[in-house]
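One line per chain: the protein sequences are A, B, C, D, E and F, in this order. Here my numbering is used: the first residue of the first sequence is 1, the next is one more, and so on. Here my numbering is used: the first residue of the second sequence is 1, the next is one more, and so on. Here my numbering is used: the first residue of the third sequence is 1, the next is one more, and so on. Here my numbering is used: the first residue of the fourth sequence is 1, the next is one more, and so on. Here my numbering is used: the first residue of the fifth sequence is 1, the next is one more, and so on. Here my numbering is used: the first residue of the sixth sequence is 1, the next is one more, and so on.
No lab work stands behind these hints: they were computed from the structure. A couple of the hints might just be wrong.
Note that the list lumps identical chains together, so a pair holds whenever it fits in one copy or between two copies.
[Claimed, not checked] Distance condition first, Cα-Cα at most 25 Å in a straight line; then the derived SDA-like pairs of lysine to any residue:
no., residue 1, residue 2
1, LYS87, PHE179
2, LYS163, ASP259
3, LYS264, GLY182
4, LYS264, TYR281
5, LYS87, PRO180
6, LYS279, PRO40
7, LYS53, ASP25
8, LYS262, GLN26
9, LYS278, ASP259
10, LYS163, GLU176
11, LYS286, GLY189
12, LYS87, LEU285
13, LYS55, THR21
14, LYS255, ASP48
15, LYS107, GLY56
16, LYS264, HIS248
17, LYS255, ILE181
18, LYS264, LEU285
19, LYS287, ARG81
20, LYS279, GLU145
21, LYS107, THR21
6 protein chains.
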Amino acid sequence: MIARLSVLLLFALGLRAQIFTLTRDQVMKYTAENPYDRFPDGRPKVPDELLEKVKGLSIEEVWAVLPGKGYRQQFAGPGWRIMHPEKKLVGRAVTLQFMPARPDLQKPSDPKANSSGPRIAQHQRFIDNLQPGDVAVVDLYGKIEGGTIVGDNLATAIWNASKTGLVVDGAIRDAEGIFPIGMPVYYRGVHPTPIDYSSVMVTGVNVPVKIGDATVMPGDIVFGDRGGLYFIPPQFVKEVVDKAEITHIHDEWTKMKLDTGKYKSSDIYPTPHDPALKKEYEEYLKKRLGK
Amino acid sequence: MIARLSVLLLFALGLRAQIFTLTRDQVMKYTAENPYDRFPDGRPKVPDELLEKVKGLSIEEVWAVLPGKGYRQQFAGPGWRIMHPEKKLVGRAVTLQFMPARPDLQKPSDPKANSSGPRIAQHQRFIDNLQPGDVAVVDLYGKIEGGTIVGDNLATAIWNASKTGLVVDGAIRDAEGIFPIGMPVYYRGVHPTPIDYSSVMVTGVNVPVKIGDATVMPGDIVFGDRGGLYFIPPQFVKEVVDKAEITHIHDEWTKMKLDTGKYKSSDIYPTPHDPALKKEYEEYLKKRLGK
Amino acid sequence: MIARLSVLLLFALGLRAQIFTLTRDQVMKYTAENPYDRFPDGRPKVPDELLEKVKGLSIEEVWAVLPGKGYRQQFAGPGWRIMHPEKKLVGRAVTLQFMPARPDLQKPSDPKANSSGPRIAQHQRFIDNLQPGDVAVVDLYGKIEGGTIVGDNLATAIWNASKTGLVVDGAIRDAEGIFPIGMPVYYRGVHPTPIDYSSVMVTGVNVPVKIGDATVMPGDIVFGDRGGLYFIPPQFVKEVVDKAEITHIHDEWTKMKLDTGKYKSSDIYPTPHDPALKKEYEEYLKKRLGK
Amino acid sequence: MIARLSVLLLFALGLRAQIFTLTRDQVMKYTAENPYDRFPDGRPKVPDELLEKVKGLSIEEVWAVLPGKGYRQQFAGPGWRIMHPEKKLVGRAVTLQFMPARPDLQKPSDPKANSSGPRIAQHQRFIDNLQPGDVAVVDLYGKIEGGTIVGDNLATAIWNASKTGLVVDGAIRDAEGIFPIGMPVYYRGVHPTPIDYSSVMVTGVNVPVKIGDATVMPGDIVFGDRGGLYFIPPQFVKEVVDKAEITHIHDEWTKMKLDTGKYKSSDIYPTPHDPALKKEYEEYLKKRLGK
Amino acid sequence: MIARLSVLLLFALGLRAQIFTLTRDQVMKYTAENPYDRFPDGRPKVPDELLEKVKGLSIEEVWAVLPGKGYRQQFAGPGWRIMHPEKKLVGRAVTLQFMPARPDLQKPSDPKANSSGPRIAQHQRFIDNLQPGDVAVVDLYGKIEGGTIVGDNLATAIWNASKTGLVVDGAIRDAEGIFPIGMPVYYRGVHPTPIDYSSVMVTGVNVPVKIGDATVMPGDIVFGDRGGLYFIPPQFVKEVVDKAEITHIHDEWTKMKLDTGKYKSSDIYPTPHDPALKKEYEEYLKKRLGK
Amino acid sequence: MIARLSVLLLFALGLRAQIFTLTRDQVMKYTAENPYDRFPDGRPKVPDELLEKVKGLSIEEVWAVLPGKGYRQQFAGPGWRIMHPEKKLVGRAVTLQFMPARPDLQKPSDPKANSSGPRIAQHQRFIDNLQPGDVAVVDLYGKIEGGTIVGDNLATAIWNASKTGLVVDGAIRDAEGIFPIGMPVYYRGVHPTPIDYSSVMVTGVNVPVKIGDATVMPGDIVFGDRGGLYFIPPQFVKEVVDKAEITHIHDEWTKMKLDTGKYKSSDIYPTPHDPALKKEYEEYLKKRLGK
């Protein structure tokens, strides 16, 4: 779709800056517990190897760690539509925040800024900054009409840049054109309108955003599957992955046993009662962990 | 399913006529801008060739034309369930309007009418009049229980007559039997009850009807895909199709460029800034249009 | 997922008994019209052969019998999510009822009960009692967070024990792990929390339960397809199946005729008007029934 | 509030005519059971004396008659906001129907029509035709923004013309200015926008309209109290009023007896069992009716 | 309103017994922590003097005690309509449970039962058993149409018997007639239908019932004000009342100080920081408690 | 109510600072069009005399100016509960923003900060800074349980400090205790829990906040009546007030004329057609303005 933005509108779009920002120092202060490297803007960079392991998780394994650490609100909650639920969504959050538009907050911040160069809409500039492994996480406060962050062209741009997917607490347009890209998208609705900068305005880039029931920080690990959406602070990713490995083996063994048809669930789940079974499980666990 | 309509009920059904009607002259007056042929009852007949081209559209390409013409309410809005979203729904609207039933509006209009011949329920008579390329568009005001316009038998009849699909702002029954027909259906819910003429009554055939957020006229082009439902007045179909051709080429080129991985989205979208790229696109467009 | 239940909680879970119970005599009194054998606890046992025939039904064929008998509320109503709608869910209901938890109703009923043996959570004990052909029907009053009756391990246990499926007026967790089991599940939502016995408590096993708009009795036949969920009291199963056979033949003939493209729906549906067609249908019916 | 309608818009408003109309003959056909006089346009005119008696009814007394006559859908259902619930709304319905606007249905019907005279918006012309005892019943299909039938000026006009009240399945504006008029209003919401003829269009005046769950005919008696809204066809008004008189006496006696504190409700309600009490009631009834 | 129950229906009503019951022993077991007397059926009887004090509470003072005891679900939650919110509702719960009706659970339990005496509908018999200070707490699972526990006559009976009020997770009818009684009623909706025993059936009397988000036991203290509905188990009533006394004095003093205009809220709330103020408060508290 | 905050929690509360802040310069930049004085922190200070005039407005008179200036989203939209709708809410916005809590964003920003002085919860500190004429505008993103900004004590503090009222897109507690203060409150729900800093966290003070459908800036004029809530940027207050004066006179004259019973609404509204009437109105207007 060719976006039909009036020259006047592009003017405004190209010149204003977001209201809420975090300096590199602020990002580092608020993500002080991040044990990994960072991007130049301070955003935590959970290593690629760990991201690979996150792809093997299920939502429940994230839950198994986070609430116990006092993070009871990192699950995005109900009401999401999922495009391509058969694929997991995993990556590092970059965030974009919108609020209802009002002209006085959309004025140019620098009178000279418009003197040269093309005008780029703010959400497009955000998309152009995506790195491989990033997940665009957009707070459009559930807006559907006029709250459509991408159509098929910009969705293609997101996919090519990030190879991950998209989370928008708002809408998409051109669902028919986005579907064949094969990218997982978590969204609230579909509408034929393009994003409408007279209805919505960008208020922050890479700031904390509210997505459903959760607050997401730039650098959080986004994890989505059929069971919903989770945002994992960097400091917990390793523990989640490690615990999950044991759970995987436990569930593998449990289902293997149940599939024999010889046991009631309570014989072996949550843990086997019979000492012989208990031993069998422990040996199985040791062997599998030893790999 | 054999509909279990009491003799008494069939009696009533067979004899009453709808309350709201449009004469051929009225249809022509209200669709005066239709540039095409008409059916005998005055309903605009957008040509088959154009319908074929409509199948290549996306919802956004319809949006690109209609609001600019002052038609801001032709999109059916949210809350629809789609059976077979992988198929596009395209055809000419024929409309049926229901309201909550009251016996004084269901009385026979002509005392002699019941003297001979079988009694045919009004919605079935409507279905029996469908032509190839027609889409049955039914306003059942969102009613689910007792608001089930078809089960598998009448759905088969619709499919055989129209080879298009069905839009019902109400319910269907026998979803399990309708699914294998393979016909796209836009509906609000499913219920095991057959349509209940003591709860609903036909008030109009081929009159303007409200479907979701839109008013649909007989002869409008129905267009449905994963992105929702649109009703295009005949006078705009050609312009929509023509504009879409350019958009298709534009999007084809844009995605081709994005897929090279060499560009940021803003280099080429909505339009390329670099003069060389601009020229490349214009030549591509010319060549493709020239085909 | 390894459920993380504290020792303290398991203690409570293991010892308390449900509040509402029906003795074998009560079950027999309330299901006095059951014409078939019974399980040891009095629950009606519709024969396997009949269950096989139920698999050929559609929701509408159940509706065709039940309301006429005064059973107008056996359809579970709207708002269900279906995992694996392409498979029919058919089996004998066993029921489990929850209410919001309060500690005074969760106290041990027998001070000696905790002296030995492993503690088994009540819902797990319920699952361990499932027989082949049973369908677990769980009233969790629509609760999502903390109202998750199974994850992938216990779902595997249900599948292995019953080979049918699950109905929960509440939630499941680990949808990603349950999906590959291939079992039809009717549920309200998904949440990463395990079932939370400080929020919900078991109040009855094999008692009447409210599931959506219906009251379900143990021994009712559960029937689910794309059209929704129905609960058939045992005394009507045979009549439903017998009537459906004729409906199947009727619909087969109707669609065959419609597919010829020679008839309007009203020529043959609900019944053919033309005497020759009428005769043709009757002979077809006789022949097919005679098989 | 001064409505700010552009000249262009007024032009359109003033000239187009509604799409759905009923001739005097049609009104008489569809209200053939009306036993009373009629207005010049055919609308039934239930006599003023009867209207006075209707003011003494309660919603339940209307229910006591209508469903038994096959009119099961004359209650407007849930979701209404009531301004001044302490006053009963009673009067004869005049109806106005809106649908989502589209320009081709809003074109002038007569090219000469705009040659002279002031342009009057259609809803205002409707209001100007109200008679004493009329109740404006407006179908704005639940629309809130842009679906505001009156502000304080036109609400004053309604009150002065009808001395009854207003029913709008849509919105009002200027609730603060309407409140002091003291008129009962049944509505769905409040919005500061004036009615927006680029969003909504008049499609019928004095035709059947859907208001909540009911179909309302011009001439129906509107009855509203804290218990909701009912639309009584003229042919049943007398029976409702007559039956209610007995119910009033019955309830008066029942409550009088209950207030003595000497009886359980089942001693006297629904009817007294004790022969002496029965006789007492019958004498009370006779005496009171004799008045 | 005279209830129009057919003889046939009354027959069924009069003879069946509820399915769920608790014996006196069971009631005593499940309310073992009740420190007060009991009614003959075992229901706890919090003393009248204590009930008087409960009338001085606010919802928040109940909250201040219950969750800390592990009773986190005794608040009825959102979505209630309140008639007469200006009056507090306080009393001892008696409970009535309904489920969707099915005829096989409504059959007479004793073939001789119908040989003599008047038939009394089950909900009326329940009302006739109300004692002064009781609050009828009815689980009609949110049903509106056909789920109307009382009209004006039975509401009068409730008021005369209990002098408290009514809680129904369902509907009332004749709101216009109930309003002048002046009794606080917590309910979900209003409908003109009387209670419909072909849609709903009584399943339990004085058993645990689910009301909104809470489980209510017979003998719980019902507490309702503008802030919502709470159900206090008898064992906590005294502690709630005692703590509230201090809170009352604290709030009295806090507001008195704030009203002087000399303090910021943080100077004195939640507790004064200044030693002199602290002392002043403590002396005030002592004096007021000493009264 | 005495808030029961653990020492641990108070520690966190007292030391952390909000994430989003605007410096004085930023406030001035974003409110550059403010024609009036400012508070020391840069917040625009619309003069008291003008505030007095705003009290005479109606919601519609605000609408009459703002959308025409491109401010189409300053109306807070539907779904608000209003305490004391009989009083207008008028004042200067001060804003407070919450998001779902996560511990890493709640850490102390300055390790020395906790060395002395009492700890004050952030929302209380916000309340303590209120000036006469301020309106506390709190974004609690619709949260009810745990999202209760005030009970009766802090509501008293707000009232004493501001003498205006409160807007919270979230909840209040102790509605029973707040009601008698007599202060207008716009809120979403009521819950007995106090505000829960393990569920919600302050993210900004005097930053732009989203309240319903609107973005509110510190210094906006809050205007609430029965018709809803509006937020007027300072630069438009005078124009709104001036236009409203004419509207008041217009409406006064219109209603006076309508009350004579001599005119149809279209004779005089929106403007009189008759030249004599027109002149009469103009003279009336001139005279009234001249006062």
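### Task
Report the numbers of all earlier hints that the structure fails to satisfy, in ascending order.
6, 7, 8, 11, 12, 13, 14, 15, 19, 20
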